[in-house]
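Numbering (UniProt numbering), first residue to last: 1 to 115.
Treat the hints loosely; a few may be bogus.
To be verified - For each label pair, taking beta carbons as the anchor points, the in silico distance ranges come out as:
id, residue 1, residue 2, range
1, D114, R22, 33 to 41 Å
2, S107, S18, 14 to 22 Å
3, G66, G111, 25 to 33 Å
4, R94, E20, 29 to 37 Å
5, E87, Q109, 31 to 39 Å
6, D21, S95, 17 to 25 Å
7, R22, D64, 30 to 38 Å
8, D35, N76, 20 to 28 Å
9, N77, N34, 33 to 41 Å
10, S106, R23, 14 to 22 Å
11, T50, L82, 18 to 26 Å
Calculated from the structure, these hints are not laboratory results. Think of the CB as a built atom: it goes at the ideal place given N, C-alpha and C, for glycine as much as any other residue.
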Amino acid sequence: MRNRVWNYFEMAGRVAKSKEDRRSYYIGCVAVRNDGALVRARNEASQVPTPYAHAEARISTRIDHGSTVFVVRVRNNGEFGLAKPCENCMRFLRSKKVKKIYYTISSTQYGTIDG
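Using the sequences and the accompanying hints, generate a full structural model.
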């Protein structure tokens with residue numbers, strides 16, 4: 001039986017795939033705020049490199065101090081891949097003082113980063 005972390009990853013996976021286009025993978029993010037509310041974001045396609053297209057940066061505008069964040073990469077074959085946030089996204093999340101970040105490594109492994 002999978003634990004609650006995998007339940008959040010599966011939610012984030014649905015968010016990631018909510019707008020399919022021609023990419024080889026999709027990134028989705030779900031966060032649990034201190035008030036218990038769930039917020040979500042996904043990567044947006046961008047013609048110009050911008051950190052604000054990343055799901056983690058987008059979700060950082062919707063979370064508060066002490067939130068817990070779950071990030072997934074969904075490959076075209078439906079399996080999870082490495083979704084560790086990039087340096088810019090980590091700056092956004094740390095500026096919000098998140099409690100913990102969970103990210104997929106594969107469909108059977110995940111990693112954590114303390115905020």
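Hints versus structure:
Between D114 and R22 the CB atoms are about 36 Å apart, so this pair conforms to the stated range of 33 to 41 Å. For S107 paired with S18, a C-beta distance near 19 Å keeps the hint of 14 to 22 Å intact. At about 20 Å, the beta-carbon gap between G66 and G111 misses the expected band of 25 to 33 Å. Roughly 31 Å separates the CB atoms of R94 and E20, a value that falls within the hinted 29 to 37 Å.
At roughly 22 Å, the beta carbons of E87 and Q109 sit outside the given window of 31 to 39 Å. The beta-carbon spacing between D21 and S95, approximately 29 Å, falls outside the hinted interval of 17 to 25 Å. In this structure the hint that R22 and D64 lie 30 to 38 Å apart at CB holds, the actual value being about 35 Å. At roughly 36 Å, the beta carbons of D35 and N76 sit outside the given window of 20 to 28 Å.
Distance hint check: the CB atoms of N77 and N34 are about 36 Å apart, consistent with the given range 33 to 41 Å. Evaluation of the 14 to 22 Å hint for S106 and R23 yields a pass: the beta carbon distance comes to about 19 Å. Between T50 and L82 the C-beta distance comes to about 21 Å, which sits within the given range of 18 to 26 Å.
In summary, the numbered hints that this structure violates are 3, 5, 6, 8.
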